[in-house]
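Asks: Kindly produce the complete structure, drawing on both the sequences and the hints.
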Amino acid sequence: MPNLSPGVAALIRLAPYFAVPLVVVYGPTNVGGYSLPWGCLMIAAIFATPCAYKITVYAQRWKDVGAAGALGAQAVPNIPESSLSIIQHAGKALRVGYPGTTRLFDEYFAKYGNIFGVRIFTDTRIFTIEPEHVKAILTTQFDVFDKGADIRWHMESMLGSGIFNADGDLWKFHRALTRPFFSRDRVSDLENFLSHTKAALNLAESHIAKGYAFDAQDLASRYTLDCSTQFLSGKDIQTLSAGLEHPSTSSQSTPAEYTTHPSNPFMKALTEGLWLSANRARLGPLWPLTEFRRDEVGLRRGVVDAYIEPILLEALAARKGEKDEDGDDETLLQSLCRQTQDIALIKDEIVNLLVAGRDSTASLITYSIYMLAENPNIAKRLQTEIIDRMGQKGQPTSVDIRELKYLRAFLDEVLRLYPPVPYGSREANRSTLWPPATPGDKPFYIPAKSRILFSPWYMHRRTDLWGPDAHTFDPDRFLDERLHKYLTPNPYIFVPFNAGPRTCIGQQFAYHMASCFLIKLLQRFTNFRLAREAQPEASRPPADWAHSQDPRKAQEKVSPAMHIVLYVKGGLWVKMDEAKQLDED
Numbered sequence: 001m002p003n004l005s006p007g008v009a010a011l012i013r014l015a016p017y018f019a020v021p022l023v024v025v026y027g028p029t030n031v032g033g034y035s036l037p038w039g040c041l042m043i044a045a046i047f048a049t050p051c052a053y054k055i056t057v058y059a060q061r062w063k064d065v066g067a068a069g070a071l072g073a074q075a076v077p078n079i080p081e082s083s084l085s086i087i088q089h090a091g092k093a094l095r096v097g098y099p100g101t102t103r104l105f106d107e108y109f110a111k112y113g114n115i116f117g118v119r120i121f122t123d124t125r126i127f128t129i130e131p132e133h134v135k136a137i138l139t140t141q142f143d144v145f146d147k148g149a150d151i152r153w154h155m156e157s158m159l160g161s162g163i164f165n166a167d168g169d170l171w172k173f174h175r176a177l178t179r180p181f182f183s184r185d186r187v188s189d190l191e192n193f194l195s196h197t198k199a200a201l202n203l204a205e206s207h208i209a210k211g212y213a214f215d216a217q218d219l220a221s222r223y224t225l226d227c228s229t230q231f232l233s234g235k236d237i238q239t240l241s242a243g244l245e246h247p248s249t250s251s252q253s254t255p256a257e258y259t260t261h262p263s264n265p266f267m268k269a270l271t272e273g274l275w276l277s278a279n280r281a282r283l284g285p286l287w288p289l290t291e292f293r294r295d296e297v298g299l300r301r302g303v304v305d306a307y308i309e310p311i312l313l314e315a316l317a318a319r320k321g322e323k324d325e326d327g328d329d330e331t332l333l334q335s336l337c338r339q340t341q342d343i344a345l346i347k348d349e350i351v352n353l354l355v356a357g358r359d360s361t362a363s364l365i366t367y368s369i370y371m372l373a374e375n376p377n378i379a380k381r382l383q384t385e386i387i388d389r390m391g392q393k394g395q396p397t398s399v400d401i402r403e404l405k406y407l408r409a410f411l412d413e414v415l416r417l418y419p420p421v422p423y424g425s426r427e428a429n430r431s432t433l434w435p436p437a438t439p440g441d442k443p444f445y446i447p448a449k450s451r452i453l454f455s456p457w458y459m460h461r462r463t464d465l466w467g468p469d470a471h472t473f474d475p476d477r478f479l480d481e482r483l484h485k486y487l488t489p490n491p492y493i494f495v496p497f498n499a500g501p502r503t504c505i506g507q508q509f510a511y512h513m514a515s516c517f518l519i520k521l522l523q524r525f526t527n528f529r530l531a532r533e534a535q536p537e538a539s540r541p542p543a544d545w546a547h548s549q550d551p552r553k554a555q556e557k558v559s560p561a562m563h564i565v566l567y568v569k570g571g572l573w574v575k576m577d578e579a580k581q582l583d584e585d
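In the UniProt record's numbering, the protein residues as written are 1 to 585.
Honestly, the hints are just simulated from the structure, not real lab data. Computed from a predicted model, the values in this text were never measured in an experiment. Idealized CB from N, CA, C, for every residue including glycine. Take these hints with a grain of salt, some might be off.
Calculated cross-link-like contacts (lysine-lysine; reagent style DSBU-like; alpha-carbon spacing at most 35 Å) [unchecked claim]:
1) Lys347 to Lys111
2) Lys569 to Lys557
3) Lys111 to Lys63
4) Lys135 to Lys393
5) Lys63 to Lys449
6) Lys553 to Lys485
7) Lys347 to Lys393
8) Lys235 to Lys569
9) Lys557 to Lys485
Listed next, with one range per pair, are the computed distances between beta-carbon atoms [stated by the list, open to error]:
10) Glu205 to Leu313: 53 to 63 Å
11) Gly440 to Asn3: 54 to 64 Å
12) Asn202 to Tyr112: 44 to 54 Å
Replies: So, in structure tokens, the structure goes:
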């Protein structure tokens, strides 16, 4: 509904659901002159809508159980928890909870197994962490599971109709358009990554020389954003030129160049827009009531658009008079401008890919540095592998990255324990069957229009899938016999980049970008450690985490958090030392 806030539009849309039960109550009392006392009428009117809601819920459940039985299947067990209770818990988990291990989900998994359903008012949501179900969602039943109308509704203000918020023919169009630009040849051209890595690490070095801690997450976000805009548009937006924030413990205030840099509102709007979009999904159909006055996500998207619009207009102007043909050096933005003049579509596509390029890879790099600080022996082994192959000053090539086996195992282990997208969501466009969680049981019946949630975060940490040491950070599990025991025969236990037709097209882009950063980081620095004194107090792990039954949660030194993508609450404040330069004659 154009020109209406989400809240007002929702009230108009929902009005019939409240009005019809009231009319049903009031209408018969005026037939033939018969009328109820006003007191009785008011009581009946008050309870009409919730009664209608309950009838709808029970009727749908009865229908699902019957349909499952007719197919020799079983209905997914539903959790007897109220919609408001689930929404309240999900909202609290988003604000202060651990991304995976929450009291509510832990209790459900223990009681109902690895698949269960919840009701958010009249909507069915099915949660699964079974690899066979994830395989069905992403691959074998790909045509059954779409992003769905709900997710498009939640994300439209931020992502528009871009590749990550599209289904069907529109998604195929986006995929065909973007995939050639993420070919192995293109992502293997490392100059973009290496030049920005040098700029990023020079910033880190300047802070280290002054004895300051720095926020590695902010550094990683600026590095990945500059790399991504250079790759997508041919333009470097130079967010690294802002410098870095000083820790609150510093005697000097953060330079004005940082606080007033034009990239800061853009980066803030991008992060806030994603957080608010994720909050919409957790609130379910009630989310418009939290944006009654205006579209809060759209407001942030407007800031993002204003920042990238000059680059887009320059590319469109450059298209005038050029021949309608592509070339090997054509950027994705140039290709989009060649194929369409639809500015809204081009903006949507660029924003979608910037979100993936910045946030997902920044998450990987941030948690990689966290693991270097927490595992000095692993950091030393990784550093030795890198220096043995190319010394302390050598520039990596795509061949080097491919041959650095322990580096790849290290990155995969970070992705296992800290997947950048901890949760995935789809919607069933028709009913289907899933294999049982226990061999020999009846298959599960999945009703049409069910909202499906699956969690790489939970699945990547299951001890029955990864072994008794699943909560231990150990890159060797991707190199030794555990690889062939667990992952090789069951590849869907590890899906940090999705799988099937919607496998992340930027997977190799992310691996190469992160690899270049870590190689140069470990060539120049050593003795990585967390600067816990610089960590904002409100972002430190709550004291009760230390007593958690989840061994990973109990040992966290930072607070993992998520909007759509995983990040570190309050930033990752670290210190490190410059590595002693070896004679490399």
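Asks: Each hint needs a verdict: does it hold in this structure or not?
Replies: Results for each hint:
1. Lys347 to Lys111: Outside the cut-off at roughly 46 Å; violated.
2. Lys569 to Lys557: holds (11 Å)
3. Lys111 to Lys63: Roughly 24 Å between the alpha carbons, so the hint for lysine 111 and lysine 63 holds.
4. Lys135 to Lys393: Measuring from Cα to Cα gives roughly 43 Å; hence the hint is violated.
5. Lys63 to Lys449: Holds - the C-alpha atoms of lysine 449 and lysine 63 are around 14 Å apart, at most 35 Å.
6. Lys553 to Lys485: holds (26 Å)
7. Lys347 to Lys393: This hinted pair is violated, its Cα atoms lying about 39 Å apart.
8. Lys235 to Lys569: holds (30 Å)
9. Lys557 to Lys485: holds (31 Å)
10. Glu205 to Leu313: 53 to 63 Å: violated (37 Å)
11. Gly440 to Asn3: 54 to 64 Å: holds (57 Å)
12. Asn202 to Tyr112: 44 to 54 Å: Taking Cβ atoms as reference, asparagine 202 and tyrosine 112 lie about 53 Å apart, which means the hint holds.
In the structure shown, a violation is registered for the earlier hints numbered 1, 4, 7 and 10, in ascending order.
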